[in-house]
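Let the sequences and hints guide you as you build the complete structure.
Residue numbers (this note's numbering), protein chains in the order written: chain A, 1 to 302; chain B, 1 to 302.
Treat the hints with care, as some may be off.
[As the list claims (entries may be wrong)] Coverage of chain A stretches by chain B, computed from C-beta distances (three or more under 8 Å per stretch; other residues unrestricted):
1) 88-97
2) 116-126
3) 130-137
4) 173-185
5) 240-246
[To be verified] Pairs of lysine to aspartate or glutamate, EDC-like flavour, derived with a Cα cap of 16 Å:
6) B:113 x B:78
7) B:113 x B:187
8) B:113 x A:90
9) A:113 x A:139
10) A:113 x A:78
11) A:113 x B:218
[Unchecked claim] Residues of chain B clear of chain A, computed beta-carbon distances all greater than 10 Å:
12) 39
13) 267
14) 271
Since the hints were made in silico from the structure, they are not lab data. Here a beta-carbon is modelled for each residue, glycine too, at the ideal position from N, C-alpha and C.
2 protein chains.
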Amino acid sequence: MIPAGWIAVDWGTTHLRAYAMGPGGVCAEETSTDGMATLTRDGYEPALLRLVGAWLAPGRTLPVFACGMVGSRQGWHEAPYRTVPCPPLDAARLIAVPTRDSRIAVRLIPGLKQAQPADVMRGEETQIAGALALMPGFDGVLCLPGTHSKWVQVSAGEVISFQTFMTGELFALLSSQSVLRHGMAAEGWDDAAFAAGLSETLSRPERIGARLFALRAEGLIAGLGAAAAKARLSGLLIGLELAGSRAYWLGQPIAIIGADRLSALYAQALTAQGASPRLLSARDAVIAGLTALRRGAMETPR
Amino acid sequence: MIPAGWIAVDWGTTHLRAYAMGPGGVCAEETSTDGMATLTRDGYEPALLRLVGAWLAPGRTLPVFACGMVGSRQGWHEAPYRTVPCPPLDAARLIAVPTRDSRIAVRLIPGLKQAQPADVMRGEETQIAGALALMPGFDGVLCLPGTHSKWVQVSAGEVISFQTFMTGELFALLSSQSVLRHGMAAEGWDDAAFAAGLSETLSRPERIGARLFALRAEGLIAGLGAAAAKARLSGLLIGLELAGSRAYWLGQPIAIIGADRLSALYAQALTAQGASPRLLSARDAVIAGLTALRRGAMETPR
Numbered sequence: 001m002i003p004a005g006w007i008a009v010d011w012g013t014t015h016l017r018a019y020a021m022g023p024g025g026v027c028a029e030e031t032s033t034d035g036m037a038t039l040t041r042d043g044y045e046p047a048l049l050r051l052v053g054a055w056l057a058p059g060r061t062l063p064v065f066a067c068g069m070v071g072s073r074q075g076w077h078e079a080p081y082r083t084v085p086c087p088p089l090d091a092a093r094l095i096a097v098p099t100r101d102s103r104i105a106v107r108l109i110p111g112l113k114q115a116q117p118a119d120v121m122r123g124e125e126t127q128i129a130g131a132l133a134l135m136p137g138f139d140g141v142l143c144l145p146g147t148h149s150k151w152v153q154v155s156a157g158e159v160i161s162f163q164t165f166m167t168g169e170l171f172a173l174l175s176s177q178s179v180l181r182h183g184m185a186a187e188g189w190d191d192a193a194f195a196a197g198l199s200e201t202l203s204r205p206e207r208i209g210a211r212l213f214a215l216r217a218e219g220l221i222a223g224l225g226a227a228a229a230k231a232r233l234s235g236l237l238i239g240l241e242l243a244g245s246r247a248y249w250l251g252q253p254i255a256i257i258g259a260d261r262l263s264a265l266y267a268q269a270l271t272a273q274g275a276s277p278r279l280l281s282a283r284d285a286v287i288a289g290l291t292a293l294r295r296g297a298m299e300t301p302r
Numbered sequence: 001m002i003p004a005g006w007i008a009v010d011w012g013t014t015h016l017r018a019y020a021m022g023p024g025g026v027c028a029e030e031t032s033t034d035g036m037a038t039l040t041r042d043g044y045e046p047a048l049l050r051l052v053g054a055w056l057a058p059g060r061t062l063p064v065f066a067c068g069m070v071g072s073r074q075g076w077h078e079a080p081y082r083t084v085p086c087p088p089l090d091a092a093r094l095i096a097v098p099t100r101d102s103r104i105a106v107r108l109i110p111g112l113k114q115a116q117p118a119d120v121m122r123g124e125e126t127q128i129a130g131a132l133a134l135m136p137g138f139d140g141v142l143c144l145p146g147t148h149s150k151w152v153q154v155s156a157g158e159v160i161s162f163q164t165f166m167t168g169e170l171f172a173l174l175s176s177q178s179v180l181r182h183g184m185a186a187e188g189w190d191d192a193a194f195a196a197g198l199s200e201t202l203s204r205p206e207r208i209g210a211r212l213f214a215l216r217a218e219g220l221i222a223g224l225g226a227a228a229a230k231a232r233l234s235g236l237l238i239g240l241e242l243a244g245s246r247a248y249w250l251g252q253p254i255a256i257i258g259a260d261r262l263s264a265l266y267a268q269a270l271t272a273q274g275a276s277p278r279l280l281s282a283r284d285a286v287i288a289g290l291t292a293l294r295r296g297a298m299e300t301p302r
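The structure is reproduced here in structure tokens:
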């Protein structure tokens with residue numbers, strides 16, 4: 001029996017991650033592939049109960065705080081965006097979702113939107129709040145690499161502005177769905193090829209379309225290996241993102257929030273540009289963010 | 001009964017197009033979806049006979065000249081690349097393919113390769129030869145927009161250099177496989193949105209990753225319509241290609257060889273940049289190229 005006081009949930013497009021939270025932090029965790037992409041509206045509560053059922057007890061209601069695509073219009077219940085500039089989380093703006101099972105009381109976290117240039121996030125706001133909890137007083141820029149990488153300017157505890165790049169989705173499409181897939185290795189890596197790709201698009205971003213096809217051509221006529229091709233593709237796309245986000249990161253304190261391997265690539269790239277980024281794990285950030293929210297919710301009159 | 005003297009074939013990844021050629025040019029044509037992507041090595045001869053069988057007569061062998069991916073390593077038979085600089089076609093470098101049916105004598109046309117920067121083409125070399133046949137004395141730049149757009153510098157009847165951009169494939173992937181597909185119309189167009197996209201990446205190519213996601217964000221929070229989103233995506237990607245190919249087209253005579261609608265978009269974009277491109281249809285160019293080759297083959301001792 002887990003003595004959980006509440007449940008933290010990170011519910012994205014492809015995964016559902018739940019953490020049983022006790023006084024000392026995480027006391028158990030479970031993950032499933034019941035992401036938004038695979039669920040209909042009626043499927044959310046059963047999917048959650050399958051994952052966290054063992055943490056529940058009859059006659060007792062556990063608070064559940066959930067961030068991510070679960071709060072989108074196509075999710076369990078829409079949690080309308082809040083507009084920046086604003087603090088990343090606001091305990092007064094949670095959306096309660098009715099459940100059949102009275103052992104859980106679910107609240108969804110709104111994403112953030114920016115009017116001009118138009119942009120949106122869902123889930124990252126919680127990681128941002130976590131980063132601010134883990135780095136009190138941080139003013140600067142947060143980089144959240146991923147399918148839709150975010151660059152976020154934070155100051156005095158607020159999100160001032162942000163910009164999203166489709167870097168990770170482009171990598172997935174190009175490496176697995178395009179003509180380049182014939183020359184891409186699933187395994188293996190080549191650091192020099194990554195650095196070469198990075199440098200090409202950082203200095204000549206307009207060449208991206210040609211440099212992509214060159215991966216195919218070099219595979220056909222110049223013996224480019226599949227691991228080098230994949231690493232260079234990654235470098236080309238991250239370099240393109242860094243070229244486009246330069247106004248965000250140049251001369252700013254930077255922290256990267258992400259998965260270990262991807263964060264390390266961004267750190268390597270930014271360091272080569274003279275920056276000194278700090279690294280935070282996405283898991284630590286999301287848990288810290290949900291914990292800060294839970295604390296805020298207990299203090300917010302309902 | 002068609003009095004064909006020979007057969008011209010344009011055999012790409014997705015389509016097989018055959019033209020029965022008489023003294024006055026095309027006297028019949030047939031198209032199927034038996035492209036390289038759907039055929040095994042043994043399937044090429046039957047696929048061709050299905051399409052052109054009605055043009056054949058017993059006891060008589062018709063020459064068949066075929067360009068495109070049919071000559072790739074994964075095609076019917078490999079026709080090794082020729083290396084630029086060189087004339088786009090060389091009747092002495094055709095690859096004869098044995099057939100079971102003696103009514104056809106098939107020869108495949110080699111593609112072109114460039115060592116540095118590494119690049120390859122298959123099929124476009126025939127369109128280039130056709131363009132030179134249709135515009136005698138043309139020196140300048142040819143633009144062949146498509147899945148893998150080509151920019152080609154030609155001078156004195158030779159291909160001097162070329163560069164491929166993955167523009168069309170990126171458009172297909174992004175509009176039908178990415179998160180942007182939710183906000184893209186199959187029908188409809190918006191000229192102002194196309195022009196806006198074009199202008200954005202021509203002047204700020206490094207922003208492409210962010211401008212792509214903005215299509216999604218504006219669809220969610222700013223009411224961007226699906227036809228406008230599709231036209232702007234097209235403009236963003238063509239603008240990126242024009243930014244990357246500027247060294248090719250700036251101040252040069254330009255001819256565009258392609259499908260009507262796509263060529264018109266490139267022509268609109270280039271005209272807005274002060275260029276005055278001529279337009280040739282891809283079909284006319286490939287037929288003119290194969291005709292020039294047939295003439296050369298008759299003059300080449302075997």
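Mind verifying the non-interface call on residue 39 (chain B)? Its CB should be farther than 10 Å from each CB in chain A. Consistent with the label, residue 39 (chain B) stays out of reach of chain A, its closest Cβ about 17 Å off (over 10 Å).
If you look at each residue in the stretch 240-246 of chain A, do at least three have a Cβ nearer than 8 Å to any Cβ of chain B? With 6 residues in contact (Cβ-Cβ under 8 Å with chain B), the coverage given for the stretch 240-246 of chain A holds.
Report holds if the minimum CB distance from residue 267 (chain B) to chain A is greater than 10 Å, and violated otherwise. Check passes; 19 Å lies beyond 10 Å.
Three-residue Cβ test at 8 Å for the coverage of the stretch 173-185 of chain A by chain B: Holds: 5 residues of the stretch 173-185 of chain A have a Cβ under 8 Å from chain B.
16 Å limit on alpha-carbon distance, applied to hinted pair residue 113 (chain A) and residue 139 (chain A): violated, 20 Å
With a Cβ-Cβ cutoff of 8 Å, does the stretch 116-126 of chain A contain at least three residues near chain B? With 4 residues close enough to chain B, the hint holds.
Residue 113 (chain A) paired with residue 78 (chain A) [C-alpha distance capped at 16 Å]: Holds - the C-alpha atoms of residue 78 (chain A) and residue 113 (chain A) are around 14 Å apart, at most 16 Å.
How does the coverage statement for the stretch 88-97 of chain A fare against chain B, requiring three or more residues with Cβ below 8 Å from a Cβ of that chain? Not satisfied, violated; 0 residues make the cut.
Do three or more residues of the stretch 130-137 of chain A come closer than 8 Å to chain B, measuring C-beta to C-beta? Answer violated; 0 residues pass the 8 Å Cβ test.
For residue 113 (chain B) and residue 90 (chain A), compute the direct alpha-carbon distance and say whether it is at most 16 Å. violated, 59 Å
Please work out if residue 113 (chain B) and residue 78 (chain B) have their alpha carbons no farther apart than 16 Å. Holds - the C-alpha atoms of residue 78 (chain B) and residue 113 (chain B) are around 14 Å apart, at most 16 Å.
Please work out if residue 113 (chain A) and residue 218 (chain B) have their alpha carbons no farther apart than 16 Å. Given that 16 Å is the threshold and the Cα spacing comes to 10 Å, the pair holds.
The structure does not agree with the numbered hints 1, 3, 7, 8, 9 stated previously, though it agrees with the rest.
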